Amino acid sequence: MTAREWANRLWGTLRRARSDRDLEDELRAQLALAADEERRRGNSDCDAVRTARLRVGGVAQAMAAQFTAGTGHARMKSLRSSNTLHKEVLKAFPGVGVATSRSSCGLVAARFPCRVYNRAAICAVSILSLMIAAAVHVPCD
Amino acid sequence: MSNRDRGKTDILQGTLDIMVLQTLATLGPVHGYAIAARLEQVSHGAIQLNMGTLYPGLMRLEQRGLVRGRWGVTENNRKARFYAITAAGRRRLASEKADWERTVSIMHSLLAEPQ
Numbered sequence: 031m032t033a034r035e036w037a038n039r040l041w042g043t044l045r046r047a048r049s050d051r052d053l054e055d056e057l058r059a060q061l062a063l064a065a066d067e068e069r070r071r072g073n074s075d076c077d078a079v080r081t082a083r084l085r086v087g088g089v090a091q092a093m094a095a096q097f098t099a100g101t102g103h104a105r106m107k108s109l110r111s112s113n114t115l116h117k118e119v120l121k122a123f124p125g126v127g128v129a130t131s132r133s134s135c136g137l138v139a140a141r142f143p144c145r146v147y148n149r150a151a152i153c154a155v156s157i158l159s160l161m162i163a164a165a166v167h168v169p170c171d
Numbered sequence: 007m008s009n010r011d012r013g014k015t016d017i018l019q020g021t022l023d024i025m026v027l028q029t030l031a032t033l034g035p036v037h038g039y040a041i042a043a044r045l046e047q048v049s050h051g052a053i054q055l056n057m058g059t060l061y062p063g064l065m066r067l068e069q070r071g072l073v074r075g076r077w078g079v080t081e082n083n084r085k086a087r088f089y090a091i092t093a094a095g096r097r098r099l100a101s102e103k104a105d106w107e108r109t110v111s112i113m114h115s116l117l118a119e120p121q
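Protein sequence lines, in the order shown, are assigned to chains A and B.
For the first sequence, the residue numbers in our numbering are 31 to 171.
For the second sequence, the residue numbers in our numbering are 7 to 121.
No lab work stands behind these hints: they were computed from the structure.
Here the structure is a predicted model, which means the values were calculated and not measured.
Glycine residues also receive a C-beta, built at the ideal position from the N, C-alpha and C atoms.
Incorrect hints may appear among the rest.
To give an idea of the interface, some chain A residues facing chain B are shown, with a C-beta separation under 8 Å as derived from the structure [as the list claims (entries may be wrong)]:
id, residue
1, 33
2, 49
3, 54
4, 57
5, 60
6, 62
7, 63
8, 64
9, 72
10, 74
11, 75
12, 86
13, 95
14, 99
15, 150
Some but not every residue of chain B turned toward chain A, in silico, with C-beta under 7 Å [claimed, not checked]:
id, residue
16, 51
17, 52
18, 56
19, 57
20, 58
21, 61
22, 84
23, 85
24, 86
25, 87
26, 88
Simulated restraints, written as ranges between beta carbons of each label pair [unchecked claim]:
id, chain 1, residue 1, chain 2, residue 2, range
27, B, 101, A, 54, 31 to 41 Å
28, A, 33, B, 121, 43 to 53 Å
29, A, 80, B, 49, 19 to 29 Å
30, B, 101, A, 72, 39 to 49 Å
31, B, 90, A, 37, 19 to 29 Å
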């Protein structure tokens, strides 16, 4: 992962997550487009919606999939994405794994029950990891 | 994706991102439904993405700054979110394509060996 990609990921974590409502609106819009397609194929209104739902999936299931993947979904994005971010820091700089293990990250997170503080705390640990890595980094031959 | 039906194909892990990026690079800004429809079309129906597969991928790409989503209106006056590939997305696509071609070449050589 390049520094630019890492910065993009950090920015994606820090900026405000899309609201659940916005994502739900998008999924409903996609379902409506699929139903339009079914109507064009000659299905009745009722059949079109049912067939479209079978074909592209339901909104609730898609929201649940976002929840599981930890992407985009506002309620899940903060902690899961931050954990992913932290994992990527450890992957990029394995030497700092001991200093900033997930357990230490978890301890920091546990002290800050509020989601915002939680996110900030984990990001701070990740940034600290990078600073330590930059300080101790020895180029390979 | 419904992967239990005969004739349907599992998406190899890690390939969804490259498929979405390539689709956006080819078609320009399109909504999620158009991305799924395009992948179904070019795979002759073998790849059928449902929203539960496509959207986590799209959200992941957006969070990484590889695609950008904006609300717009379709030609049928439906509100939809249109996704466009970013400059970072194009760079990633080029790099992923090179990696993929190398993998295919290796697998091709390996599988072509006489048993």
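Now the hints, each set against the structure:
Interface hint at residue 33/A: violated, since its Cβ lies 12 Å from the closest Cβ of chain B, which is beyond the 8 Å cut-off. Evaluation of the residue 49/A hint against chain B yields a violated restraint, the C-beta minimum of about 13 Å exceeding 8 Å. The interface hint given for residue 54/A is violated, since its Cβ lies 11 Å from the closest Cβ of chain B, which is over the 8 Å cut-off. With 8 Å as the threshold, the beta carbon of residue 57/A comes within range of chain B, its nearest partner Cβ sitting at about 6 Å, so the hint holds.
Residue-level restraint check for residue 60/A holds (minimum Cβ-Cβ distance to chain B is 5 Å; threshold 8 Å). Checking residue 62/A against chain B by beta carbon gives a least distance of about 6 Å; that is within 8 Å, so the hint holds. Annotation: interface hint on residue 63/A holds; nearest CB of chain B at approximately 4 Å, less than 8 Å. At its closest, the beta carbon of residue 64/A sits 6 Å from a beta carbon of chain B; the interface hint therefore holds under the 8 Å criterion.
The interface hint given for residue 72/A is violated, since its Cβ lies 17 Å from the closest Cβ of chain B, which is over the 8 Å cut-off. For the restraint placing residue 74/A at the interface with chain B, the shortest Cβ-Cβ distance is roughly 18 Å, beyond the 8 Å limit, so the hint is violated. Proximity of residue 75/A to chain B is violated relative to the hint, the smallest CB-CB distance being about 15 Å (cut-off 8 Å). Using the Cβ-Cβ criterion of 8 Å, the hint placing residue 86/A at the interface with chain B is satisfied: the shortest such distance is roughly 5 Å.
Because the smallest distance between the Cβ of residue 95/A and any Cβ of chain B comes to about 4 Å, under 8 Å, the interface hint for this residue holds. Because the beta carbon of residue 99/A sits about 4 Å from the nearest beta carbon in chain B, less than 8 Å, this interface hint is met. The beta carbon of residue 150/A comes no nearer than 17 Å to any beta carbon in chain B, farther than 8 Å, and the hint placing it at the interface is violated. Given hint, residue 51/B at the interface with chain A, is violated; its Cβ is 12 Å from that chain's nearest Cβ, farther than 7 Å.
Look at residue 52/B: its Cβ only gets to about 15 Å from chain A, farther than 7 Å, so that hint breaks. With its C-beta approaching chain A no nearer than about 4 Å, residue 56/B sits inside the 7 Å limit, and its interface hint holds. Nearest Cβ of chain A to the Cβ of residue 57/B: about 4 Å, under the 7 Å cut. The hint holds. Annotation: interface hint on residue 58/B holds; nearest CB of chain A at approximately 4 Å, less than 7 Å.
Hint status for residue 61/B: holds, given a least beta-carbon distance of 6 Å to chain A, under 7 Å. Annotation: residue 84/B was flagged as interfacial toward chain A, and the flag holds, the nearest CB pair being 6 Å apart, inside 7 Å. At a threshold of 7 Å, the smallest CB-CB gap from residue 85/B to chain A is about 6 Å, leaving the interface hint in force. A hinted interface residue such as residue 86/B counts as satisfied when its beta carbon comes closer than 7 Å to some beta carbon of chain A; here the least separation is about 5 Å, so the hint holds.
With a least beta-carbon distance of about 5 Å to chain A, the hint placing residue 87/B at the interface is held under the 7 Å criterion. Interface restraint check: residue 88/B against chain A, minimum CB-CB distance 10 Å, threshold 7 Å, status violated. For residue 101/B paired with residue 54/A, a C-beta distance near 34 Å keeps the hint of 31 to 41 Å intact. Restraint check, residue 33/A to residue 121/B: a C-beta distance of roughly 46 Å satisfies the suggested window 43 to 53 Å.
Our hint of 19 to 29 Å for residue 80/A and residue 49/B holds, since their Cβ atoms are close to 25 Å apart. Distance hint for residue 101/B and residue 72/A: a CB-CB separation of about 44 Å, consistent with the stated range 39 to 49 Å. Our hint of 19 to 29 Å for residue 90/B and residue 37/A holds, since their Cβ atoms are close to 20 Å apart.
Consistency note: the structure conflicts with the earlier hints numbered 1, 2, 3, 9, 10, 11, 15, 16, 17 and 26.
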